[in-house]
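There are 2 protein chains.
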Amino acid sequence: MTMLTDRYADEREAIDTELRSAVERLPAEASRVAAYHFGWTDAAGRPATGGSGKAVRPLLTLLAAKAVSGGWRSAVPAAVAVELVHNFSLVHDDIIDRDTMRRHRPTVWKVFGTTDAILLGDAMHALAFELLAGTGGDRAAKAIGQLASTVRSLIEGQLADTRFEERDRIGLAECTAMSEAKTASLMGCATTLGALYAGGTSSQIAALRDFGLRLGLAFQHIDDLLGIWGDPDATGKSVYSDLRNRKKSLPVVAALASDRPEAAELAGLYARPGPLDEIELRRAAELVEACGGRSAGEVAAATLTASASAALVDAGLREEAVAELNELAMSTVGRTR
Amino acid sequence: MTMLTDRYADEREAIDTELRSAVERLPAEASRVAAYHFGWTDAAGRPATGGSGKAVRPLLTLLAAKAVSGGWRSAVPAAVAVELVHNFSLVHDDIIDRDTMRRHRPTVWKVFGTTDAILLGDAMHALAFELLAGTGGDRAAKAIGQLASTVRSLIEGQLADTRFEERDRIGLAECTAMSEAKTASLMGCATTLGALYAGGTSSQIAALRDFGLRLGLAFQHIDDLLGIWGDPDATGKSVYSDLRNRKKSLPVVAALASDRPEAAELAGLYARPGPLDEIELRRAAELVEACGGRSAGEVAAATLTASASAALVDAGLREEAVAELNELAMSTVGRTR
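Sequences listed follow chains S and E, in order.
Residue 290 in numbering that gives the first Met the number 0 is what sits at position 291 of the first sequence, and the numbering runs on without skipping anything.
Residue 324 in numbering that gives the first Met the number 0 is what sits at position 325 of the second sequence, and the numbering runs on without skipping anything.
Hints are not guaranteed to be accurate.
Since the list gives no way to pick out one identical chain from another, each pair is judged satisfied if it fits inside one copy or across any two copies.
Straight-line Cα separation of at most 20 angstroms, SDA-like style, residue types lysine to any residue; simulated pairs [said to hold, decoys possible]:
id: 1; residue 1: Lys109; residue 2: Asp96
id: 2; residue 1: Lys246; residue 2: Pro272
id: 3; residue 1: Lys53; residue 2: Ala34
id: 4; residue 1: Lys246; residue 2: Leu268
id: 5; residue 1: Lys141; residue 2: Ser73
id: 6; residue 1: Lys109; residue 2: Arg97
id: 7; residue 1: Lys109; residue 2: Ile95
id: 8; residue 1: Lys53; residue 2: Gly198
id: 9; residue 1: Lys141; residue 2: Arg24
id: 10; residue 1: Lys109; residue 2: Gly133
id: 11; residue 1: Lys109; residue 2: Glu179
Derived by calculation from the structure, the hints in this document are not laboratory data.
All values reported here derive from a predicted model rather than from experimental measurement.
Just chain S, with the same shape it has in the complex (with noise of 0.2 angstroms):
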């Protein structure tokens, strides 16, 4: 298939420039961590490519502006401003996790300190916000209303994810909830602020946030799935890497929620102390699919972005774009990082 990266030039081009010129706007040293971690420069501060990520949000949001009026250069400022958040919590993030590598690069705490990675999220942070600001009008206080109370369901989320780690049974419709608030609010926020900048009725905007949303959750089972058989060359990240890490993914709750007898085996290997060695980590892997951890991921991942088109059908869209999102839908549940 068309990798997406592939596609979308112009829009990719529009929302690279103004991340670009916004982070410019962050005090100096913020500045150059900055360019570190969204891929431009190396940990010296010398041109580097690669390591940008997907950029998926973003483009989310121009393609539902596009959805609505066929334009999307005025929803920029928004697809930025939701990229920003999504990479201050990334960056945030890391540092709870102790996680030492994203995107096949040193994570930003790992290489310039737990102090310059909490203040470089608090300046994306704020900076998504003087962005949206910069639109003014009460407009701008709508899309600024709607990003606050989304990182507010970011934190939830991964304070829900924290608390996940300190206990041994955790249920899938609150496994589901977790995913929802940290992941899917983000990407129903993204499409949410391309149909309000795109000037969208209520209920273009409803359906464009349920696509968003639906999308979202989708992109989190595969992520979930990714993070126990992705190719660790393709993910960035290590063979096994959520089961190393004791993660109660969708896919390991839903193995534990199972009645199979090899819950109970899984369930011992999470609960055991010390590390998970090699073998124990593969042996992991086939327990969770042999519950039918990995289907059940499967599954869920394309009823929901089955469900995430539907919620675009007879909407008052645009066709053109509406065959752009669900192409987009499509390729990131294709996706193999």
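Given chain S, put chain E in place with the hints provided.
What follows is chain E alone, placed relative to chain S:
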């Protein structure tokens, strides 16, 4: 003199009510940690009193609004937004500085861990913008733009502060710039937002902004004096707290920059590896004083306070509220904690 805390009962109550209702919107776990941080509960969640801050910044917002229009109710969300940003930065700075005590109680990261402290800070940061966004219209967008660029200043100041720790010689000008970014900018923002929400003219807003900025810098000079000579029972910090942490605060930088022979001995104590003992700490305080660091701070604070008051003269502001702002300024310079 009349204690600041005895005055403005109506304004304080309105701030407290709005702050508590805002904090209730946070995710339950974050709300619980916030209640501890604001001194409403103890670490176990039992109701407590004391430990709240002085609420100088939100009071500045409300008094600035009064100076413009006589009323202050419409500025309450802005006052609370400023207080939330102040507290978000305190919670994150305490992690960065590894400070274990604030307002006579263990800091948030010390009680609840770094994860909860990072997330509470992030949550209060977003909540501040959400409150302003809720006031709606272009005024909200303007206020958010001001507050977001102030957060940028706070981060710039905090970055400079941490970089200073690694450097031997700091100029008085760059130290002042750091204090302006770290402290004065938010007090300037507090009065700006008050004036904005009261519908002030651009010259009224500029006068109140100058008042806040100058008072903020005076405030930092006093803070730095208390960081060396403050009574631990009043400040809630250890005796010679800033010297113990080898902080390059304004009086220390002024002393090191002097041509007094004692400056070299002070520089030697600051450069020496390992913690300073009580005798060395007392000696360091004597050296700062002998080099004129203490009187420089006292003169600067008094001069800046007078200059803050001067900014309000002939600015077309209401006399009664101007008198209250001046009184607040005087009590800030006269404060002992």
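Hints, verified against the model:
1. Proximity of Lys109 to Asp96 under the C-alpha cut-off of 20 angstroms is found in both arrangements, the shortest distances being 12 angstroms within a copy and 18 angstroms between copies.
2. For a Cα distance limit of 20 angstroms, the shortest separation of Lys246 from Pro272 inside one copy, 14 angstroms, qualifies, whereas the shortest one across copies, 42 angstroms, does not.
3. In this assembly of identical chains, Lys53 and Ala34 lie within 20 angstroms of each other by CA distance solely inside one copy; the values are 16 angstroms within and 38 angstroms between copies.
4. Only within a single protomer do Lys246 and Leu268 lie at most 20 angstroms apart by alpha-carbon distance; the minimum there is 12 angstroms, versus 48 angstroms between protomers.
5. Taking identical chains as interchangeable, the C-alpha atoms of Lys141 and Ser73 lie at most 20 angstroms apart whether they share a chain (15 angstroms) or sit on different chains (19 angstroms).
6. Both within a single protomer and between protomers do Lys109 and Arg97 lie at most 20 angstroms apart by alpha-carbon distance, with minima of 9 angstroms and 18 angstroms respectively.
7. For the homomeric pair Lys109 and Ile95, the shortest alpha-carbon distances inside one copy (12 angstroms) and between copies (15 angstroms) are both at most 20 angstroms.
8. In the homo-oligomer, the alpha carbons of Lys53 and Gly198 never lie at most 20 angstroms apart, since the shortest distance is 26 angstroms inside one protomer and 44 angstroms across protomers.
9. For a Cα distance limit of 20 angstroms, the shortest separation of Lys141 from Arg24 across copies, 18 angstroms, qualifies, whereas the shortest one inside one copy, 24 angstroms, does not.
10. Taking identical chains as interchangeable, the C-alpha atoms of Lys109 and Gly133 are never at most 20 angstroms apart, the minima being 33 angstroms within one chain and 38 angstroms between chains.
11. Taking identical chains as interchangeable, the C-alpha atoms of Lys109 and Glu179 are never at most 20 angstroms apart, the minima being 28 angstroms within one chain and 30 angstroms between chains.
The structure fails to meet hints 8, 10, 11 from the earlier list, while all remaining hints are met.
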